[in-house]
Structures are given as C-alpha cells and as structure tokens.
Amino acid sequence: MDEKIFAKKDIGKLLEELVPEYKFYSPTKIKGNIAFKEITDVKEIELDYLNSKVPPKDVLFPQKEIIFEYRYEGKDVIIEERKDLEDKILIFGVRPCDAYSFKLLEDFFASGDFQDDIFLKKRENATIIGLGCNSPRQSCFCTSVGGHPFQKESTDVFLSDLGDTYLVEAISEKGENLLKKLSWLADAKKADIEKSKELAKQAEESITTKFDFDLVTKVLDENFEHPVWQEISESCIGCSSCTFLCPTCTCFDVLDENDEYNNRGRRIRIWDTCQSCLYTLETSGHNPRPAKIQRCRNRIMHKFSYYPSNYDCLGCVGCGRCITACPVNNELRLIIDKILEIQEKNGEKVSA
Amino acid sequence: MGLETENKDIETNLREVAKGLLKDKKVDVIIGYMEGTLPMLSQPIIIDSEEDVDKLIWNNLCYVNLAKYLVPRVPKFVDSEKGNLKVGVVSKGCVGRALIHLASENKIKLDEIKIIGIPCNGVVNRQRIEMEIGEKEILEVSVSGNNVIVKGKDFEKEFPFDEYMNDLCKTCKIRKPPLVSKSPDLCVGECEEYSNIVDDFSDIAEFEALTPEEKWNQITEELSVCTRCYACREACPMCYCNLCFVDQNKPVWFGKTTDLPDVFVYHLIRAMHMAGRCVACGACSLVCPMGIDLNKINRKLEKIVKERFDFTSGLDPDVLPPMVDFKMEDAQEFMLEED
Amino acid sequence: MTEEVVESKQDGSKKWEPKIIAFLCNWCSYAGADLAGVSRIQYPPNIRIVRVPCSGRINAYFIIKSLTDGWDGVLISGCHPGDCHYISGNLVARRRFAILKELLEFFGIEPGRVNFMWASAAEGERFAVLVRKATEIVKKLGPNTKFEKKW
Amino acid sequence: MPNPYIPILTKVKSMVSENNVNDIKTFELEFVNNEEYKAFDYIPGQFAEISIIGKGECPIGIASSPTEEGTIKFTIKKMGTVTSAFHNCEIGDTIGIRGPLGNGWPMEELKGKNIVVIGGGFAFSTLRSLILYVLDEKHRKDYGDITVIYGNRNSGELLYRDILEEWEKRDDIKIVLTIDSEEESWTRKVGYVAAVVKEVAPSSENAVAVVCGPPIMIKTAQNELGKLNWKDEQILNSLEMRMKCGIGKCGRCNIGDKFVCIDGPVFSLAELKTMPKEH
Chain H
5 MDEKIFAKKD IGKLLEELVP EYKFYSPTKI KGNIAFKEIT DVKEIELDYL
55 NSKVPPKDVL FPQKEIIFEY RYEGKDVIIE ERKDLEDKIL IFGVRPCDAY
105 SFKLLEDFFA SGDFQDDIFL KKRENATIIG LGCNSPRQSC FCTSVGGHPF
155 QKESTDVFLS DLGDTYLVEA ISEKGENLLK KLSWLADAKK ADIEKSKELA
205 KQAEESITTK FDFDLVTKVL DENFEHPVWQ EISESCIGCS SCTFLCPTCT
255 CFDVLDENDE YNNRGRRIRI WDTCQSCLYT LETSGHNPRP AKIQRCRNRI
305 MHKFSYYPSN YDCLGCVGCG RCITACPVNN ELRLIIDKIL EIQEKNGEKV
355 SA
Chain D
236 MGLETENKDI ETNLREVAKG LLKDKKVDVI IGYMEGTLPM LSQPIIIDSE
286 EDVDKLIWNN LCYVNLAKYL VPRVPKFVDS EKGNLKVGVV SKGCVGRALI
336 HLASENKIKL DEIKIIGIPC NGVVNRQRIE MEIGEKEILE VSVSGNNVIV
386 KGKDFEKEFP FDEYMNDLCK TCKIRKPPLV SKSPDLCVGE CEEYSNIVDD
436 FSDIAEFEAL TPEEKWNQIT EELSVCTRCY ACREACPMCY CNLCFVDQNK
486 PVWFGKTTDL PDVFVYHLIR AMHMAGRCVA CGACSLVCPM GIDLNKINRK
536 LEKIVKERFD FTSGLDPDVL PPMVDFKMED AQEFMLEED
Chain R
1157 MTEEVVESKQ DGSKKWEPKI IAFLCNWCSY AGADLAGVSR IQYPPNIRIV
1207 RVPCSGRINA YFIIKSLTDG WDGVLISGCH PGDCHYISGN LVARRRFAIL
1257 KELLEFFGIE PGRVNFMWAS AAEGERFAVL VRKATEIVKK LGPNTKFEKK
1307 W
Chain X
58 MPNPYIPILT KVKSMVSENN VNDIKTFELE FVNNEEYKAF DYIPGQFAEI
108 SIIGKGECPI GIASSPTEEG TIKFTIKKMG TVTSAFHNCE IGDTIGIRGP
158 LGNGWPMEEL KGKNIVVIGG GFAFSTLRSL ILYVLDEKHR KDYGDITVIY
208 GNRNSGELLY RDILEEWEKR DDIKIVLTID SEEESWTRKV GYVAAVVKEV
258 APSSENAVAV VCGPPIMIKT AQNELGKLNW KDEQILNSLE MRMKCGIGKC
308 GRCNIGDKFV CIDGPVFSLA ELKTMPKEH
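Residue numbers (my numbering), protein chains in the order written: chain H, 5 to 356; chain D, 236 to 574; chain R, 1157 to 1307; chain X, 58 to 336.
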C-alpha cells in the first residue's frame, strides 16, 4: 500500500472516526508529564513530545490489573472472568522504542508452557500507531539494542513527523485495514517520502550513546561475582524508579482485594520491582537477594544476560528512561561503562 | 548574590578540607557529591583516597540527602576488621540536621562521623524547571548571577533562582549544619548557625484557608499520578524502617494499589511518621519520578511541630524528638468538650 | 460499607444514620460507657465500641484504617490527662492525636470525622453527652465516601 | 488454552493435624468438578498455587501421590497470611488451585534405579508423594531399592505417622527415622540427618538421592553424600522460592536465567552448582 499524508490539524477527524470503534489511547499531558491515556476529546491530545514519562506499556499491562472477580455465596465461590479483554484498543503516537517493547513483552508473555492470557488478548486487540523519533535524547541508545529511531517493527501504522503533516505508512495487515477506513487520507508525494528518510537518517546520526551489547552480555556472563557490583550498587538507594518507568519490566505481585461488606472481591496484579527487598523475601524470613548489590545486579543481569539466554534478544529497548529517572544518577550508561571496564582491564592483563 | 563564584570558592575549600582530613586520617572515607552525567543532576560519591578529592563538587544541584547512606551504613562504610569507619559527610544544612536528628533517635553515633559543613543557598527545583521546559531536552544548566540558565538544542531560558529554588529551601533557616558542641565538626566557609529569615508559614496559608473539599481535590490531584514506586521513602533519610507499614502483611493495613484511596493513605501516614522528624531537605519531592510535590505537606508538619511543641528537628542530638516526648500542659483545644 | 438506614417510628421515612467506631481505653472511658449504661443514661446507638488497653495503644493506622474501611466517623476516648493507668500513655497519645487531627484536615478530610475526648470511669453523663455531640457532628457531615474504591 | 490465572475450585474434604504443636495440617481437597480432577494430571514433586479466595495464594508442593485416587492433598504449615487462613478453614470451604506446576521428580529417569530419599522436617510432603508413587503395586517393579532417611527436631514433629508405620512393616523399603536429641520412648535413631546418612552410608551405585529439607540439612547431607562418592548429578533437590504466578511470568523466582517455577523446582546438585547462589 502506498504512503499517505495526514495533516496534523485533522487529528480531530481521525479521533472522531476511530473513537466509536476503539478505545483511543494517545499521549496527553497530565500534571506536566506526558502519559498515554484513553481520551475522547481532541483537545487532550498532545502531539509535541519527546516521549512519555511512563511507557505506553501501561495501556496493555497496567499498574493495577484485575485478573478475575469473585463472589462468595456461603461457602461457595463464583469466579467471574474478565469480559473487557475483547475491546479494541488503539494506541496513537508510540515511539519506535516503546513499540519494540511490545514485541518483547509479547514474546515474554507468550513464552513457555503457560501463556499470559490477559496481556496477549489485549495485545491481539491493540492497534499500534507508531511515530518516528525526530529528536532522540542524549540518553537514548536504541541503535545499540537493535532498534532505530524510525524502526517500524511491531507497529501497525507508522507515522513520520514532517512538520505540519505526518507521512502515514501501513505496516501490518491490521494497519492496512485501518487506513482503508480512512479514505480521506491524501497520497503522499515523493518529496514527503524523501523527507522522512532524511529525518530518519538525521535522527540516527544524532544518537551518540553506543554500546556493544554482545560484549556486555559476554562480560556479564563471566563476571557474576565481580567486585564491580559492589561499586555499581553503592550509591543506589533502591527507589525502583528505573523499573517502574521501564518499558520492558514485567514483574508483578498478585493480591486479593476484598469488598467485605458485599462478599465480593477481585484478584489483581500490580507492578512489583526487583529493587524492593520484599520482592524475594520468603515467609520463613530467608531472602535470596537480601542486599542492594544482588538486587542491582539482578536488574542488569536480567536485561542483558538472562534475556539473551532465554529469549535470544536483549531485554532493553534503549529508551533511556532509567537513565533520566535515577535520582542519584547511578545510571545505566555508567553501569555499562563499569562493566566494560572489567573486560578492558582483563585485556590489558592478557596483553601484558 | 553571585552563586557561581561563591560555589567555586566553596568547592575549592571543600576539596582542600577533604584532602586534609583524609591525609591526617581524621576520617577514613568521605561521602560527597560529584558531577552528574545529566545536566540537572549530581551524583553521590564515596572517596577514600586523596587523589579523588578533585571529584568532589558543590553546586545547587546537590540535592540528595547523604545521611541516607549512613542508616543503614552502605558496605563501604564498614570495614570487615575495624568495624564502623569514620565517615566524613559533606553536609549542607539539611544533611547536618538529618545526621543530628538520627543521632537523637540513636541511629548513628556522632563521634563515628565528621560533619563537613557547607553553607547552602538552596537547591534548584529541577522538576519545576523540567516541567516548565516541557517536552524539550535540557542539555546544559549553568548558574549565573541570580539566574539558572537552561540550554537546549534550540532554546535558552533563564529562571530566577529565588523563585525556582526548591520550596523548602526558600524558607530554610538552617543553611549550614548546626554545630554541636559535643563533636567538634567543621565548616567550609563561615558558619553562623541561623540566618535571619522570618518564617511565618505564609507559604501554606493560602492552602490552609481552603475548604476541606478544595483541599481534598488539590491533594488528590497532586497524588493521582503516584506510581507507588516509593522513591520518596527510599530517598528520605528518616525512612529507615526494616519493614514499612505499607509492606506489612500481617495484618495488611493499607492497599498497595495505585487506586486513589490507597495512594492517599500511603502519603497521609508517611506524613504522620515524619512529624517532628522531617529535616526539610526536600529529597522526597526532588526524587519523585512523577514530579509530585510533597513540600506543602512537609511544611505543614514543620508548622504543627513548631507551633505545638516548639521543636525544630535536627538541632540538638540530646533533645527528645517530640513524638516520643510529652508535656502535661500540651495544647488540647481539639478535644471534644461539653458545651 | 453498607449504609445504615433507619426507619423512623414517627412517619415511616427512611433516614441515614452514621456508623461510628469508638476506641475506648479500658480503664476510664470503657468503664464510663458502662456507667452510662448502668445509670440508664441514653446515648446514640451509632457507636460500635472497641476496647483498647490505653489510648496510647491507638495507632494512627487504627483511625485511618477505620476511615478506609468505610466508617463514617471515629471516636477516641481515654483517661483525663494525669489519670492514665499507665501514667503517661494518654499524654503521648495526645500529641499523636493533635498531629493526626491537623494532618487529616490538611489532607482535606472533614475535621469532624475523627473526634477525641477524655472521659473518666465516673463520668457516665459526660460520656453520653460527648458521644451525642460526636454523633451530631458526623451526622452533619454525611456518609464517608472519600475512601470508597470503584467496583 | 484457558486463562492460567483462573483457579480450579475444590472443597476441603478433611483436615488432619500432623504434629503435636498443631501448626502443620494436611488438607484433603475434593474437586468441585470431576472433569477437572481428571484433567489434573500430576507427578510427585510438582506443586500447585493454592488459594483461599479473598486471602491470597501461595505455592505448596503436592503431598498426595497420583496413585491415591479421588482427592489431592497438601500439607501446610502455619506461617504467613495465606497459610494461617488455611488453618482457619472448615470442612467444605472453597479452595482454589492452579496447577500442577513445575517439573516434579524425574520419575521416568529414576526407573531401574535405587532411590535414597533424604528428608528433614516438614519438607517431607513431596517425598511422601514420591514414596507412595514408587511403592504402588503398578510401579514398584520399575524401581530398585528404596531407602528413606527422615529426620525431625523431635518425635512430635514427625509427619504422616500412620503411613510411616505402614511402610516400616513392608520389606521392600528401608525406613530410617531420626530425631535431633534423645527422647524417652524413642527407639529409633538420634542425631542429625547428615550423621545418619554417614551411618547408613547408602551406596551410590545405580542410585539417585532425593534431598528435601531445611537449607542447612540439605547442605550437610549433600556433603556426606559427596564423601560417599556420590556424584553431583545423582543428587536431586527441590528448591523453594517466593512465587506469585507459578508460571514464569511474575519474575521473582529466578536464579540466574532459570525460573524455579517452570525450570524447577527440582534441580540436580550439578545444575545448582552452575547457577548463582541466589536461592
């Protein structure tokens, strides 16, 4: 299908057309931060943004999610499964790094003998409209983790911001069908396509943070007990901002929430974090990861060593959120530098 | 005031003092701040050799409360043979207060640390500036005269420091660590104990005058974005409980979800626990990834404690904190009485 | 919490009645409540009493948990200052109550939701009067809905 | 595939207190829907996420053997919120189960081998399942000699007493019971499990040791086995870890890149030695 063009001022038209069919999630400003929220009013849409504070992961894997609801009738329990998983979802304006995170999440939740029904159903019913990233931040490093500021993977429709207009491309079948419905879109001119390519090139060049993650994985695998971890975890205060804002973190806790006066309740899952001491604390009092050093290590190992060995890809999309969020500036780039230093030192030893 | 030059002087002096302390073995390690990798941040650093003192910096972005690293002590502060090491703590007023208050709660021993006092003129409210810049990337921050200059790819903006200072710093009277006679600490630069700011809590008066409904709306709106990551708790030097009340599960006191009632209750009880203990460092708000402003609540606590019990936290390690103390004649105007 | 609706005897109209949880100290106020009962002094049936060893035992958690659980009001009563069975439990508690009361108000909870009082074992009359007063205050505020979760 | 987070409903059929202190009970659960029982196909050593709906969920090893028809059993010690709620249960209460989860004891690989079962304390539940399975007349011929070494703090902590008595009467299984310190009327062995292992000195020839118990017991027993020339591959452990989902999604039970819930809970000592010491 050919590329189309879509004027930014027509966003209201788009919304109007899609809202009856989809739950329309778009970037919107909440208390000064960009967040992906369900909207119905065009005024809420925020088009000028770098990226959202909390990743759009929370649309498909919200902080608090109901697993099922239950009712007590005497000693009997009646379990009611969720019915809203079939709702169609549209997420507008997802940056390529976050779109790629959907692929990671999908692969993770679908892996193994048990599939996470809740996430996968939602993902299946979601249409992702990606948006090219014209100005990556200094903290972005998507190109090092196999991404690109204009990567189209796991989006359905991809937009490139050309100023007043978006260049629209259908990527998947779902996207093509969506565009067919929007018959009023004009065809793109050759110049527009060229411009989009130019922007992609510029964006890629503007990314200065680059790592060789194959090497990182190798070094991590060999240095689980290295003293560098003490150094890395030293200034960490264990606040877990990094994991809560991470588009690929999936850990959760399961709780029962009761409405005791009405003999009903719901089993929910909420985000949990490996940076919390309670995460692994067992009832007996034993804690396999009792200190910050183990918890810091677990996060890094999980993304850059366990993920590659279990799912054959890095557990990171290079969005840089953990870098900007860390209040004590104990950020990923520094950590990776420190890890790579081990290799350098070892290399020196060998050559000497 | 010329912040930059003043800071540069302090920085040079600080390095000298630190070097001297390490050289004379008066301290084993020093915890201070170093240059951050992002324009609006600084990074805590622990140094134990004289060569590293040049990494120490001092500027208006040093907002982490270093007392956090002493309760409990990070591994580098404990030697496997010598036990607790003597730690030099680069302390602005609120860090010093935190240390002293923690000493009054018997959490640290003042003779095991050395307070290296630094006169502080407030830290930049980075969240407010970031929010005002909005969706643009900040690449450079500098301070010139009374202005914070923020530069990005295609913009440059000045923020008057007086206004874009952290709210708690605006009313802070204790800008240098209070010197406790018992432990002869030292101060980089001159050390007067109080500056003569008159604090009549007028900054929260407007909020206090609102109706309960309006207050509820404002507070819940502020808290609505909370993700329950507990960064506020982890950054707070006074939050050292092994098991926080929100994490207790026998019984489960309060919900752990991000539903409004649960979030509200978490912040309410955390505030309750801060009464008479908050040292007004503002770390809780400054570390919040969502930019929630908790300063108003902290100010209210300060006010209650000041007015009711005439207490300011972190001034004297020998005075009992107000919540473990009592007086027969404490005010009780809030009690129900017969008409 | 299920709302308490009481049918009025006079005209059959249904009226909302507040539910108030009362934490009473074992030594003074609980005995005071007892005395009020024994002396047949009427007080509103809206309160549900929880006996605690001392007002110093009352944690802010109890009070806030009661509110989140849907009680319309919380009433706390202990020995008069100076009369505490454990000498100073109520004095420590008083500081805690003072802070909590002001904080609740600052957070936008109506100040009348949580009430504190002193009543000795000999003050059955005072107990009844103050319970009546607290009930009136809470009744005026209406049901406590701020902590309700969406279902 | 059905939603793996939805529990199967069962009812408490019976509850038996197992020890003198009365903080360990064995719960017998009967499925509400018999079809679901038929589909609940498990082997010894697997676990299930069991929940009192409204109180929460916890992972517990299945104590019954698939050879015991009709119901499944769990032995639960009163520890945290959920397990305490279990101890407050009444007959007929509804219990949710999700499972069977994890990899059980490798029953196929054990065929033709001698089995040495070493258990300590209340971790004996999945071992009970294993022994019952092996002793069943359908399976007994598939396995070699069976030696059971079971230690406890005192005689009051001994689980499954009636079944142990039955086993002691049989001649195709060797049962060695031990308690930590001497007691009147205790006629069996006294001493820690490791010491008894040394004394019994099971042969490593064509054998597999199955070790389950408190961490210190596991460690010392393994050392003793090592001294008796057992190879790491011959020693099997069942690990415990905090879990929420039991199906490899909630993240917390990882040891290195392995999840205890889906890659375990049974690991050989050889495997454990290649994994980080985070368990």
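Simulated from the structure, these hints should not be mistaken for lab results.
Be aware that one or more of the hints could be misleading.
Claimed, not checked - Covered by chain D, per the in silico footprint, the following chain R stretches (three or more residues, Cβ under 8 Å): (1) 1214-1228; (2) 1242-1248; (3) 1251-1260; (4) 1267-1275.
Unchecked claim - Below 27 Å or equal to it, Euclidean Cα-Cα: the simulated BS3-like pairs (lysine-lysine) are: (5) R:1305 x H:79; (6) X:82 x X:170; (7) X:112 x R:1305; (8) H:87 x R:1306; (9) D:290 x H:13; (10) X:330 x X:170; (11) D:392 x H:33; (12) D:491 x H:214; (13) D:371 x H:205; (14) R:1305 x R:1295; (15) D:388 x H:201; (16) R:1221 x H:41; (17) D:450 x H:33; (18) H:205 x D:386; (19) D:450 x H:12; (20) H:79 x X:226; (21) D:386 x H:35; (22) R:1170 x R:1296; (23) D:491 x H:35; (24) D:491 x X:112; (25) R:1175 x D:450; (26) D:531 x H:13; (27) X:284 x H:79; (28) D:531 x R:1305; (29) X:82 x X:112.
Don't be surprised by glycine CBs; every beta carbon is placed ideally from N, CA and C.
For each hint, the structure was consulted:
Counting residues of the region 1214-1228 of chain R whose C-beta sits closer than 8 Å to any C-beta of chain D gives 5, which meets the bar of three, so the coverage hint holds. Against chain D, the region 1242-1248 of chain R contributes 3 residues with a C-beta closer than 8 Å to a partner C-beta. That satisfies the three-residue criterion, and the hint holds. Look at the region 1251-1260 of chain R against chain D: 10 of its residues bring a Cβ nearer than 8 Å to a Cβ of that chain, three or more, so the hint holds. Residues of the region 1267-1275 of chain R lying with their CB closer than 8 Å to a CB of chain D number 5, which satisfies the three-residue condition for coverage.
At most 27 Å may separate the alpha-carbon atoms for a hinted pair to count; residue 1305 of chain R and residue 79 of chain H meet this at roughly 25 Å. Distance check on the hinted pair: residue 82 of chain X and residue 170 of chain X sit about 32 Å apart at the alpha-carbon level, beyond 27 Å; violated. For the hint pairing residue 112 of chain X with residue 1305 of chain R, the CA-to-CA distance comes to about 18 Å; that is within 27 Å, so the pair holds. Our distance criterion of 27 Å between C-alpha atoms is met by residue 87 of chain H and residue 1306 of chain R, whose separation comes to about 17 Å.
Distance restraint check for residue 290 of chain D and residue 13 of chain H: the Cα-Cα separation of roughly 51 Å exceeds the 27 Å cut-off, and the hinted pair is therefore not satisfied. Proximity of residue 330 of chain X to residue 170 of chain X is assessed by CA-CA distance (about 23 Å); at most 27 Å being required, the pair is judged to hold. For the hint pairing residue 392 of chain D with residue 33 of chain H, the CA-to-CA distance comes to about 21 Å; that is within 27 Å, so the pair holds. Between the alpha carbons of residue 491 of chain D and residue 214 of chain H the distance comes to roughly 38 Å, so the proposed pair goes past 27 Å and is violated.
Simply put, residue 371 of chain D and residue 205 of chain H have alpha-carbon atoms about 20 Å apart, close enough for the 27 Å limit, and the pair holds. Restraint check for residue 1305 of chain R and residue 1295 of chain R: satisfied, since their Cα atoms lie roughly 22 Å apart, inside the 27 Å limit. A hinted pair counts as satisfied when its Cα atoms are at most 27 Å apart, and residue 388 of chain D with residue 201 of chain H qualifies at roughly 21 Å. In summary, the hint linking residue 1221 of chain R to residue 41 of chain H is not supported, as the alpha carbons are separated by about 31 Å, beyond the 27 Å threshold.
With a C-alpha separation of about 22 Å, the suggested pair residue 450 of chain D and residue 33 of chain H falls inside the 27 Å cut-off, and the hint holds. Only pairs whose Cα atoms come within 27 Å are accepted, and residue 205 of chain H paired with residue 386 of chain D is accepted, the gap being roughly 25 Å. At most 27 Å may separate the alpha-carbon atoms for a hinted pair to count; residue 450 of chain D and residue 12 of chain H exceed this at roughly 38 Å. With a C-alpha separation of about 41 Å, the suggested pair residue 79 of chain H and residue 226 of chain X falls outside the 27 Å cut-off, and the hint is violated.
Note on residue 386 of chain D and residue 35 of chain H: the hinted pairing holds, with a Cα-Cα distance of about 23 Å set against a maximum of 27 Å. For the proposed pair residue 1170 of chain R and residue 1296 of chain R, the alpha carbon gap of about 16 Å is at most 27 Å, so the pair holds. The suggested pairing of residue 491 of chain D with residue 35 of chain H holds, with an alpha-carbon distance near 22 Å, which does not exceed 27 Å. Taking the CA atoms of residue 491 of chain D and residue 112 of chain X, the gap is about 15 Å. The hint holds against a cut of 27 Å.
Simply put, residue 1175 of chain R and residue 450 of chain D have alpha-carbon atoms about 25 Å apart, close enough for the 27 Å limit, and the pair holds. The suggested pairing of residue 531 of chain D with residue 13 of chain H is violated, with an alpha-carbon distance near 40 Å, which exceeds 27 Å. Between residue 284 of chain X and residue 79 of chain H the CA atoms are separated by roughly 54 Å; this puts the pair beyond 27 Å, and the hint is violated. With a C-alpha separation of about 26 Å, the suggested pairing of residue 531 of chain D with residue 1305 of chain R holds against the 27 Å cut-off.
A C-alpha spacing of about 18 Å is found between residue 82 of chain X and residue 112 of chain X, which places the hinted pair at or below 27 Å, so the restraint holds.
In the structure shown, a violation is registered for the earlier hints numbered 6, 9, 12, 16, 19, 20, 26, 27, in ascending order.
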